[in-house]
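Novice: Sequence:
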Amino acid sequence: MARPPPLGELPPGYTPPARPATPQILAGSLKAPLWLRAYFQGLLFSLGCGIQRHCGKVLFLGLLAFGALALGLRVAIIETDLEQLWVEVGSRVSQELEYTKEKLGEEAAYTSQMLIQTPRQEGENVLTPEALDLHLQAALTASKVQVSLYGKSWDLNKICYKSGVPLIENGMIERMIEKLFPCVILTPLDCFWEGAKLQGGSAYLPGRPDIQWTNLDPEQLLAELGPFASLEGFRELLDKAQVGQAYVGRPCLHPDDLHCPPSAPNHHSRQAPNVAQELSGGCHGFSHKFMHWQEELLLGGMARDPQGQLLRAEALQSTFLLMSPRQLYEHFRGDYQTHDIGWSEEQAGTVLQAWQRRFVQLAQEALPENASQQIHAFSSTTLDDILHAFSEVSAARVVGGYLLMLAYACVTMLRWDCAQSQGAVGLAGVLLVALAVASGLGLCALLGIAFNAATTQVLPFLALGIGVDDIFLLAHAFTEAPPGSPLQERTGECLRRTGTSVTLTSINNMVAFFMAALVPIPALRAFSLQAAIVVGCNFAAVMLVFPAVLSLDLRRRHCRRLDVLCCFSSPCSARVIQILPQELGNGTVPVGVAHLTATVQAFAHCEASSQHVVTILPPQAQLVPPPSDPLGSELFSPGGSTRDLLGQEEGTGQKAACKSLPCARWNLAHFARSQFAPLLLQSHTKLSRLSPQAVVLVLFGALLGLSLYGATLVQDGLALTDVVPRGTKEHAFLSAQLRYFSLYEVALVTQGGFDYAHSQRALFDLHQRFSSLKAVLPPPATQAPRTWLHYYRSWLQGIQAAFDQDWASGRITRHSYRNGSEDGALAYKLLVQTGDAQEPLDFSQLTTKKLVDKEGLIPPELFYMGLTVWVSSDPLGLAASQANFYPPPPEWLHDKYDTTGENLRIPAAQPLEFAQFPFLLRGLQKTADFVEAIEGARAACAEASQAGVHAYPSGSPFLFWEQYLGLRRCFLLAVCILLLCTFLVCALLLLNPWTAALIVLVLAMMTVELFGIMGFLGIKLSAIPVVILVASIGIGVEFTVHVALGFLTAQGSRNLRAARALECTFAPVTDGAISTLLGLLMLAGSNFDFIVRYFFVVLTILTLLGLLHGLVLLPVLLSILGPPPEVVQMYKESAEVLSPPAPQGGGLRWGVPSTLPQSFARVTTSMTVALHPPPLPGAYIHPASEEPTWSPAATPAANGPSNLGPRGLCPATG
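To get my numbering, take the position in the sequence shown, counting from 1, and add 8.
A hint or two may mislead.
Straight-line Cα separation of at most 25 Å, SDA-like style, residue types lysine to any residue; simulated pairs [said to hold, decoys possible]:
#1 170 x 188
#2 737 x 931
#3 152 x 343
Derived DEER-like restraints, expressed as beta-carbon distance ranges [unchecked claim]:
#4 1097 x 289: 38 to 48 Å
#5 76 x 401: 14 to 24 Å
#6 90 x 761: 28 to 38 Å
#7 896 x 72: 55 to 65 Å
The set of hints was computed from the structure by calculation and includes no laboratory data.
Where is the CB? At the ideal position from N, CA and C, for every residue including glycine.
Modelling step: build the complete structure from the supplied sequences, incorporating the hints.
Specialist: Given below as structure tokens:
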């Protein structure tokens, strides 16, 4: 910094005065921290000087590098799969999900489309024929949906899920069954004949009208076809499934309907059925045994009489099941209907999605607007569409947010003074941060980090707000450059003064987001990593590229060009007499005098023709004693101002023409210096005996106490209704479903690693324990449990009974089973099996062995062979059990008339590695209900593991709610680790653990208060608020470190240092907070209430809390508990003493602080001169002030005399 300024910057003949020896006395314990910080600042200074020398090259290369990284956005992947987004990485749920996918594949067996009907008038009963008519109208409209794709027409009968279609040897019957076999539709209409209208299949037989479920009587049809085909096996299959007369044997909602079959119970009476009585106990599909729809699946808001009889309900639900894309692809692969379109699984998925969207649209439009009921429709594709819309980038909001930020930055940094205006710097800074955000996201895409809704909806605005904070800090510091700084070192000086704090805040932000990545939710881990990378790119842009922008702007000012419109010259030129440093007359200081303020009286006159100000300095100044300090503090004694200079022309008529408007002279730094700091840090007020510091501590203590209470109100959870935009049809459906049909399909999965055949008792016990859970919906008392093991055992008992009857009647003998029934023959084949490869058959077992023993267990040697027979012979029972065996048992065809003996050899199924018991969970409204159910299920599985059975629960409650079991523990751990990391980072970079501890204390208070306010606002705790709470610590550093570092490097008493820290950091911190709020403001316009509540509201509260804690609480804490100054400037007492004369207008003012020892005196020389721009390059002009200012400290600290200024410039904040 010793290089002279370029020629022409100072008047000819000006000789820089020799710099005095550094008058700093360092406390011994602080030498190392000061030396280390000075070394780091020296590196920053060298970096800034190098950037300034090559600013054009640095800017070009920086923009080129960031632009190249931004191109990575082209390969960005947006993840919308809920499992990929919300299942904890590495958790037991994740491992179980992987196991399920390994055994069964990626897809579920079917997808669900739902219709919910509710009355428009709250509480109205829907168990009426009229309400069911409306439900039939909507369901019928939905079931008739057709879409045309790939030149084909696709209707419900082609794509619906059909449970357990049997294989029949008779080709004609098989084709007829394939066309007629009903879709699985769970609907209250199945209690009535009208339920058949939803089934669209039909078949043709010669001499008969088209066969449909509305006119099909299976018993009558089999009787008619019996003479023409052997249908004994098919008849037994229907008898076991208890099909009976199917729909034609059920009552008609309207007996007067011409199509109501004569077999309907109320056909002849013509009486409308009692709807509540018919729906009591649920309904059945075409199979009474395997297709029972419980009440809870069909009716919502039920009310019963004291005897438990159903009286009324407030909602109806119908569910249509469709095949999965893979099932649809396999079903039509090789079919003549698709052979010419290149049929693929992707096409199958497209067909299903198109049909589902059309289904939802037509169902919602099925009822007229004036109907007494309303229909809510939903499908799996609807949910996918919501997630895609949730993840889309809103270009309008992004552009609007960035334009708003551009406008604010430009207006904030514009000045009437053309040479000090930085509007172009503000514009360039915001654009640079925008490019840095894009480059950071592009880098994330190149690294393979998938984007999600949080990335696209929140991160661009949050990162912009955080990044612009440092832009304001550097720009503010650049205008506050120390006097005497050579033009070539301006950028280096700026980085030296602010680089430490920018580095500290950026590192803390990155550490905060990296720590937030400890939350093991993939969506939020990706968001946290992306935020950390984006903050790192912002840091690089601010520290490397933005200084080049400042350097170019400095050249613009040096060339006297207009701000923003830099192609035009500035009209603000003025003739200025350079003010040269001068020493005191005799170089002595009066004894006992410790505080010196010099106000130089100058004569200034205004040239009306050109609006130029010419200032002439007098040759001498006078010493006067100071006036009494009304606040009893050295902080607030008035100093010189522009008013003193221009006041000499008060008698002229030209002053009014030259005086600036008050709005042009006011700024945030002026407000902090003249009003905010004096009010906050004075010892007492006129209205109260309490000092402002005490009031602040009491208020923040009350806020903390209130927040601790609010923290007890925070509940866990994140409902899907919180994510979907309010006022939409999807939100209405989800709200109705949550209110009336809070049912969840789950499964208890048993794994491999144990012998199922010898663990039957343990499997039954596990099922019993699971069924006894409070949340599990029990089956009706008249129905057996719906599990494969119960169905399998029941089937074996049935064929054993058939065999016993055939054996007793002589139709089956030791040597022949041909005359027996189909079931008796199956039992015969199983009873002779030994399970021994050497002697596989033993006919003596026909009378000595049973397929199920007295304890209800299947003989282990028959278990896997019997499983093969059951799977092949009872497709309806297998489908109803939802067993999903893996490995699947081999196919085996039974032929009662096979006489070769080969049919006696039954291949045993392979040992099972995967099977499941289905359950329904009910009453799960709050997160606590889910957690209770999950804990109960896990406990049941843990008990089963002690018996050797390996099992785990599966289903959406376990996928998405198990995170809440350890979420608070994870949150507390992340916060504690992050606070510790913040303390270490601050202690290492500030080299002052005392200050670091105060910063961490304030950050912990902010986190607790934000958590408590969430409780009062009803914002539930989920993984998303946890990430924000963890990140709040890093974001809060933005509001605290600058003030703390300014305090640490200032001199004087604690109050004086706190005030000086406020003066220097109030403006950039406030501008940064406003910029963050502007960045978040665009989130308020989101269509998703979730974005508004969980991001905009929470982050806005966080920003306001940070502003209050950083600019109000922290200065007060520092003024009371702050560490001692690192640097104290002292002068030896002079032997020659000047007696202070009487006060006169103007001159030098002296004040004695009580903090220094008697043998030393601290001296501050302060001079304020008002000059209109442009200044001489290298000369510093402090902004003029209309209000009096307090006396500043003697010198700033660690970076030497270069930080000294005529008014005691801001200390180095970096």
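Novice: For which of the previously enumerated hints does the structure constitute a violation, in increasing order of number?
Specialist: none
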